[in-house]
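Keeping their order, the protein sequence lines are chains A and B. Residue 359 in my numbering sits at position 359 of the first sequence, and the numbers go up by one each step. Residue 230 in my numbering sits at position 230 of the second sequence, and the numbers go up by one each step.
Since the hints were made in silico from the structure, they are not lab data. All residues carry an ideal CB built from backbone N, CA and C; glycine is no exception. A few of these clues could be false.
[Unchecked claim] Derived pair list, reagent style BS3-like, types lysine-lysine, alpha-carbon separation capped at 27 Å:
(1) A:LYS231 x A:LYS208
(2) B:LYS85 x A:LYS383
(3) B:LYS82 x B:LYS140
(4) A:LYS383 x B:LYS82
(5) A:LYS208 x A:LYS171
(6) A:LYS231 x A:LYS80
[Said to hold, decoys possible] Not close to chain A: a few residues of chain B, all C-beta gaps over 10 Å, as computed:
(7) ASP8
(8) GLY37
(9) LYS120
(10) ARG132
(11) GLY134
(12) ARG179
(13) HIS241
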Amino acid sequence: MLRLALRTLRLRKGGFIGTFIAVFFGALIVASCGGLMETGIRGNAEPQRLAAAPILLTGDQTFELPKQDPASLDPDDKHKSESVRLPERVRLDSTLISRIRSVPGVSDVVGEVSFPLAAVGQPALGHAWDSAALTPYALTAGAAPAAGEVVVESASGLKPGDSVEIAARGKTENFRVSGVAGAPRSISRAAVFFDAADAARLSGHPGKSDVIGVFTKPGADIEAVRESVAKAAAGATVLSGIDRGVAEFPEADSSGANLIVIAAVSGGLSVMVAMFVVASTLSLSTQQRSRELALMRAIGTTPRQLRRMVLGEALGVGLLATALAAVLGPFLGEWLFGQLVENGVVPPVLRFYQGWLPAVVGAGAAMLAVFIAAFVAGRRAGKIRPTEALAEAAVTRRWLTPMRVVLAALCFGGGTALAIVTVAVMTGPIAASTAGPAVILWALGVAMITPGVAKVMTSILQWPMRLVGGIDGRLAVLNTRAGIVRAAGAVTPIMLAVGIATANIYLQTTQQELADQAFTEDVRADAVIGSAAGGLSPDLVQRIQQVPGVAGASEFVTGNVFIEAPYDSSDDGRPAVGLTASGAGAITDTKVTQGALTALTGATVALPEVFAKDFGRGIGDTLSLKLGDGTAAEVKVVAVISQRPGFESLLLPAGLLAPHTTAGLAQQLLVRAAPDVDVATLTDRLREATAGQPVSIGDRDALVAAHAADQAVGAWVNYLMVGMIIAYTVISVANTLVMATVRRRREFGLQRLTGSTRAQVLRMAGFEGGLVAVIGIVLGTVVSAGAIVPFCLVATDSLLPMGSPLIYLAIIGIAAALALVATLIPAWAATRGPAVDAATSGSD
Amino acid sequence: MNTGWNGDAAVRLDGVRKEYGKGVIALDGVTLAFPRGGFTAVMGPSGSGKSTFLHCAAGLDRPTSGSVMLDGQELAGMSETKLTKLRRDRVGFIFQAFNLLPALTVEQNVTLPQQLAGAKPDRRVVEEILGRVGLSGRRKHLPGELSGGQAQRVAIARALVTRPAVVFADEPTGALDTRTAAEVLGLLRDSVRAGGQTVIMVTHDPMAASYADRVVFLADGRIADELHAPTADVVADRMIHLGAWGSPARAGA
Chain A
1 MLRLALRTLR
11 LRKGGFIGTF
21 IAVFFGALIV
31 ASCGGLMETG
41 IRGNAEPQRL
51 AAAPILLTGD
61 QTFELPKQDP
71 ASLDPDDKHK
81 SESVRLPERV
91 RLDSTLISRI
101 RSVPGVSDVV
111 GEVSFPLAAV
121 GQPALGHAWD
131 SAALTPYALT
141 AGAAPAAGEV
151 VVESASGLKP
161 GDSVEIAARG
171 KTENFRVSGV
181 AGAPRSISRA
191 AVFFDAADAA
201 RLSGHPGKSD
211 VIGVFTKPGA
221 DIEAVRESVA
231 KAAAGATVLS
241 GIDRGVAEFP
251 EADSSGANLI
261 VIAAVSGGLS
271 VMVAMFVVAS
281 TLSLSTQQRS
291 RELALMRAIG
301 TTPRQLRRMV
311 LGEALGVGLL
321 ATALAAVLGP
331 FLGEWLFGQL
341 VENGVVPPVL
351 RFYQGWLPAV
361 VGAGAAMLAV
371 FIAAFVAGRR
381 AGKIRPTEAL
391 AEAAVTRRWL
401 TPMRVVLAAL
411 CFGGGTALAI
421 VTVAVMTGPI
431 AASTAGPAVI
441 LWALGVAMIT
451 PGVAKVMTSI
461 LQWPMRLVGG
471 IDGRLAVLNT
481 RAGIVRAAGA
491 VTPIMLAVGI
501 ATANIYLQTT
511 QQELADQAFT
521 EDVRADAVIG
531 SAAGGLSPDL
541 VQRIQQVPGV
551 AGASEFVTGN
561 VFIEAPYDSS
571 DDGRPAVGLT
581 ASGAGAITDT
591 KVTQGALTAL
601 TGATVALPEV
611 FAKDFGRGIG
621 DTLSLKLGDG
631 TAAEVKVVAV
641 ISQRPGFESL
651 LLPAGLLAPH
661 TTAGLAQQLL
671 VRAAPDVDVA
681 TLTDRLREAT
691 AGQPVSIGDR
701 DALVAAHAAD
711 QAVGAWVNYL
721 MVGMIIAYTV
731 ISVANTLVMA
741 TVRRRREFGL
751 QRLTGSTRAQ
761 VLRMAGFEGG
771 LVAVIGIVLG
781 TVVSAGAIVP
791 FCLVATDSLL
801 PMGSPLIYLA
811 IIGIAAALAL
821 VATLIPAWAA
831 TRGPAVDAAT
841 SGSD
Chain B
1 MNTGWNGDAA
11 VRLDGVRKEY
21 GKGVIALDGV
31 TLAFPRGGFT
41 AVMGPSGSGK
51 STFLHCAAGL
61 DRPTSGSVML
71 DGQELAGMSE
81 TKLTKLRRDR
91 VGFIFQAFNL
101 LPALTVEQNV
111 TLPQQLAGAK
121 PDRRVVEEIL
131 GRVGLSGRRK
141 HLPGELSGGQ
151 AQRVAIARAL
161 VTRPAVVFAD
171 EPTGALDTRT
181 AAEVLGLLRD
191 SVRAGGQTVI
201 MVTHDPMAAS
211 YADRVVFLAD
221 GRIADELHAP
231 TADVVADRMI
241 HLGAWGSPAR
251 AGA
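Construct the entire structure; sequences and hints are all you get.
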């Protein structure tokens with residue numbers, strides 16, 4: 001059977017090109033996602049500035065979050081826990097340095113601190129001069145820095161003896177350049193070296209190191225030393241080899257996790273769409289040669305043999321297409337990675353990997369999709385009745401098999417259940433989490449019954465079609481109705497593209513709009529002071545509050561904290577905002593239901609109502625928090641606030657939150673003007689008051705823009721995914737329609753012989769394409785509504801999502817244009833030449 | 001009407017009835033036997049049930065009631081796979097058109113039933129048979145490169161190569177011109193005589209029927225008449241008698 005399958009493939013390449021294209025692009029996307037996945041899992045970045053030390057120590061960026069409330073469990077029970085990443089940098093105690101020095105095989109240990117600064121307006125990282133050995137930087141001129149002195153890189157253009165203005169920690173100071181140094185490799189971020197005391201002061205955390213570098217004695221076994229060091233430095237993360245990059249670029253680790261999610265979601269979605277598309281091209285090509293298959297049945301091919309033949313053909317084509325995709329996948333993967341880097345989703349230091357394992361897994365997933373699709377097509381082929389070989393025209397068989405009915409019922413049931421759960425149980429933007437599975441369920445369900453739905457819709461649309469199209473429109477309706485299974489093959493991908501694109505894009509725009517609204521409705525700032533380097537000086541807020549015309553000013557720090565007691569299972573922690581108690585009331589509109597924000601000093605918190613209720617805590621009660629860098633804090637509830645559902649944040653004193661962020665300082669300061677002062681006046685006065693300080697003054701829009709920029713990364717990833725899915729379905733729609741139309745050469749020829757002009761045939765084909773497009777668009781819209789409407793009911797109290805209607809118009813415009821072009825071009829080609837030739841040519 | 005009834009029939013139908021959906025009766029209790037080594041033509045006007053008769057007799061379709069014995073085996077109750085295997089081993093088919101798989105060469109088409117059965121085709125037998133149908137030189141040709149008559153001769157070769165108990169032919173010359181049709185029918189008759197094979201041919205062409213030993217006439221799903229050693233003129237005469245031409249078509253064609 002395999003031989004026959006291969007032989008059929010060789011001769012009838014044309015019939016299988018559709019399947020080949022569908023598998024190829026599906027497998028290509030999956031293969032490229034494989035590379036992103038591997039890159040994400042490895043999360044490797046090549047160390048640059050810390051490359052000289054073979055072993056690096058960092059603080060442990062994770063902690064164990066119990067999966068269940070430890071208090072509710074029997075103490076004898078084993079506690080399951082999950083490892084959760086801390087969002088802010090965890091630093092090491094510098095006393096560790098001397099302890100590691102005594103580990104056998106260690107020759108030298110160097111502590112390292114990095115802090116952002118601006119030297120002559122240029123951003124750079126500041127370090128202590130002794131950590132230059134970690135690169136190693138070597139002096140090319142001058143000498144090591146003493147107090148008040150710096151060593152700069154040769155690229156800065158400065159010379160020993162020059163004076164340089166450096167802004168760090170919200171202050172500007174003058175330093176003398178004592179020397180110029182160069183590194184043996186290119187370092188992505190410029191470095192400025194200080195003497196140890198200056199570095200400790202400017203870093204804001206004396207006695208702590210970001211990283212500790214360990215040098216080994218010549219000939220020492222690095223792995224053995226690493227293990228000894230790990231024993232001596234319990235609680236620290238000890239890295240060697242390529243893993244060291246994470247110590248220098250902690251962002252590589254978290255963006256690696258993002259990459260895994262992106263790759264898994266797009267890869268999974270692609271496999272699913274590929275399965276649909278391949279199933280529809282296969283069933284189309286099976287249907288187009290049903291007479292041939294019926295003949296084989298008549299002369300002694302068992303249903304099983306026919307199933308195996310269809311499976312063999314499909315797997316043969318699939319194998320070729322997957323092999324080609326496996327070769328080209330890495331290029332697409334690398335291009336995608338480049339796009340992600342360019343758009344700031346992942347840092348450029350992350351090293352791209354594309355090994356054989358993801359390629360194999362990707363190819364396996366693609367082949368599995370082909371197998372499932374071919375299995376379904378094979379079942380259909382096995383059911384072909386041998387008597388069909390004797391019939392002049394192939395009979396359109398019953399398409400509604402019990403399996404389709406059951407699957408459709410399951411999918412619609414699941415979709416409805418998700419909708420009910422969403423509306424009944426969920427609040428706020430979290431409701432979006434059911435939308436993804438809902439789209440897939442609705443799409444799958446509709447795909448199962450597409451021929452029936454398409455038939456009903458064709459009947460409904462026949463009146464407008466006749467009205468607009470006259471005889472050509474009528475013929476188009478009749479043709480579509482007669483070949484409803486063929487038409488359904490083209491409707492399904494259009495439905496998928498419209499459904500997935502509409503749902504995903506509008507979910508994104510709605511969530512973004514909601515987040516913007518939630519952010520802007522609470523913040524009442526007229527001006528924003530931002531930092532030029534490293535953060536704002538903690539004493540700035542008092543000085544700004546004294547400026548005439550300022551009604552109130554508050555630091556504005558954002559971060560995530562984990563609630564440890566009472567037990568909270570959220571593994572992302574809870575969003576927290578740090579504010580200055582004296583100005584908090586002026587710059588926010590947050591409704592305080594109990595207590596007062598002015599009490600927000602020391603170790604205190606203002607708790608959102610929902611949390612207060614859920615955790616059973618009220619004014620005067622205490623909460624145990626774990627701050628962003630893992631530091632524990634006991635805070636007393638001093639206020640209960642009411643916030644938009646789904647966008648709740650804990651409010652903490654900025655003085656409590658800021659020191660436990662990576663930067664250690666507030667990055668923004670919000671200012672509210674007194675009632676009689678306009679924004680321009682306020683801005684001028686603030687500018688005067690902060691003259692000479694490394695700050696920037698912006699208006700409210702600057703704050704909103706900064707917030708939107710944070711969100712844009714997530715949006716971009718979503719659009720990339722939708723883009724890939726759309727591109728793929730575009731290919732499939734074109735593919736299916738071209739396949740279906742090319743095969744109708746003879747029919748078109750006959751029609752011309754019976755009196756149609758070529759233009760009439762083309763018009764008819766155009767109407768058919770239009771009909772397919774309209775049905776696909778309507779079904780796709782229904783599918784996306786199945787996901788969007790429940791979400792919108794919960795999140796926006798309306799049936800419609802937020803976002804420009806132009807997006808929807810663009811989506812359906814593309815779908816319609818595509819269906820028309822993919823029908824008309826092959827129809828135009830099929831009607832070239834004399835009609836007699838086409839009409840008398842074989843039906844194949 | 002127990003025509004041709006004897007103990008050693010290749011195919012025997014007993015009270016075969018076939019209804020389609022809404023009470024349309026295509027076969028209405030047909031009892032008929034086909035002796036081994038005979039060439040029988042089944043004739044009838046459109047809607048007489050001759051196609052349904054062929055489907056039921058060859059095990060391509062199942063009768064609503066009644067029994068069909070093919071080469072001594074009862075078809076009723078056989079699974080689809082068993083039926084298929086019986087067709088593969090014991091039955092040859094020649095259809096009006098679209099007899100050959102376009103992807104396979106003449107030789108591969110001829111040996112396909114054997115290959116499907118997992119048997120190695122006997123090259124000598126294949127060559128002999130292709131020689132008999134006059135296509136020795138076209139073994140490697142694809143069906144697309146053959147004329148209509150040649151394609152039908154390949155179909156005959158394929159039907160005969162497994163030495164089946166019965167060969168069913170459904171309007172085998174319906175798509176051919178008179179001269180080519182005569183060639184193909186002569187070939188079919190000669191192979192029956194040479195190989196002692198049983199042929200059952202459904203046709204509406206009196207000229208084609210005249211090549212058979214016996215003609216059975218169907219009308220309204222029943223056996224209406226029978227002729228031995230027919231000539232084209234007598235057959236045509238009987239058909240006119242049966243109202244074959246000019247009567248409105250009914251179901252079951």
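Hint check results:
1. A:LYS231 x A:LYS208: holds (20 Å)
2. B:LYS85 x A:LYS383: Answer holds: LYS85 of chain B to LYS383 of chain A is near 16 Å, not above 27 Å.
3. B:LYS82 x B:LYS140: Given that 27 Å is the threshold and the Cα spacing comes to 32 Å, the pair is violated.
4. A:LYS383 x B:LYS82: This hinted pair holds, its Cα atoms lying about 15 Å apart.
5. A:LYS208 x A:LYS171: The hint holds at about 21 Å.
6. A:LYS231 x A:LYS80: Holds. LYS231 of chain A to LYS80 of chain A sits at ~25 Å (cutoff 27 Å).
7. ASP8: holds (24 Å)
8. GLY37: Consistent with the label, GLY37 of chain B stays out of reach of chain A, its closest Cβ about 22 Å off (over 10 Å).
9. LYS120: holds (13 Å)
10. ARG132: holds (19 Å)
11. GLY134: holds (22 Å)
12. ARG179: Holds, because the least Cβ-Cβ distance between ARG179 of chain B and chain A comes to about 21 Å, which exceeds 10 Å.
13. HIS241: holds (27 Å)
The earlier numbered hint that this structure contradicts is number 3, and it is the only one.
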